[in-house]
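Take a look at the letters that make up each chain.
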Amino acid sequence: QKEVEQDPGPLSVPEGAIVSLNCTYSNSAFQYFMWYRQYSRKGPELLMYTYSSGNKEDGRFTAQVDKSSKYISLFIRDSQPSDSATYLCATKETSGSRLTFGEGTQLTVNP
Amino acid sequence: EPEVTQTPSHQVTQMGQEVILRCVPISNHLYFYWYRQILGQKVEFLVSFYNNEISEKSEIFDDQFSVERPDGSNFTLKIRSTKLEDSAMYFCASVIYPGELFFGEGSRLTVL
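Residue numbers (this note's numbering), protein chains in the order written: chain P, 2 to 112; chain G, 11 to 122.
Extracted from the complex, chain P is given alone in its bound form (with noise of 0.2 Å):
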């Protein structure tokens, strides 16, 4: 079993929709809970940090983790074109430093 699973999608949307993002975890040791945006061939770029269980929200984003299920979510309000990138989910214990990723989501937003 992967130790975090992401729906690669594609996921393509129109202008205005809300998006939903999901990952799925397997380690009960992971405590926090990262998105990530990237666009194409470019470099993570760190959207939403949390830790342990509950909502965050920045804007038009919304990150949520439950950690009964293990399942964290990424809602994106009012999506717009510029949305349009690959969404990472990373995962880490309170021990160690490495970050677990999921596949990523291919997110098009649409005009």
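These are calculated hints, taken from the structure and not from any lab test.
From a predicted model like this one, the values you see are computed outputs, not experimental measurements.
Warning: the hint list may mix true and false statements.
Claimed, not checked - No more than 25 Å apart at the CA atoms, straight line, and that leaves these computed lysine-lysine pairs for DSS-like: (1) G/K52 to G/K67; (2) P/K68 to P/K3; (3) P/K43 to G/K67; (4) P/K71 to P/K57; (5) P/K71 to P/K3; (6) G/K52 to P/K68; (7) G/K52 to P/K3; (8) P/K43 to G/K93.
Following the hints, complete the assembly by docking chain G onto the known chain P.
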């Protein structure tokens, strides 16, 4: 805004050659990392570096790989004898405290 910078952006090399990828982390960051991403695959951890030594490494980071911080600003990844399967994007990242990694734009390595 401070950023992690990487050079070269693209390097083409022959199998068996040595390659050095360079990174300048954000100046006040203390932890440094190398990740790689083979085309179409997930981002994978290679190694972390803190206080001038390796703090953690993955099974990918074998004896062909080494890292060094030769001065106060640069952080390098060396691949001694490149193989075809080393072709990938290599990302440097840095952070003040573990968790919120900031990545560079990447160095694309093509091994022929």
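Hints, one by one, checked against the model:
{"no.": "1", "hint": "G/K52 to G/K67", "verdict": "holds (17 Å)"}
{"no.": "2", "hint": "P/K68 to P/K3", "verdict": "holds (17 Å)"}
{"no.": "3", "hint": "P/K43 to G/K67", "verdict": "holds (24 Å)"}
{"no.": "4", "hint": "P/K71 to P/K57", "verdict": "holds (17 Å)"}
{"no.": "5", "hint": "P/K71 to P/K3", "verdict": "holds (13 Å)"}
{"no.": "6", "hint": "G/K52 to P/K68", "verdict": "holds (23 Å)"}
{"no.": "7", "hint": "G/K52 to P/K3", "verdict": "holds (12 Å)"}
{"no.": "8", "hint": "P/K43 to G/K93", "verdict": "holds (23 Å)"}
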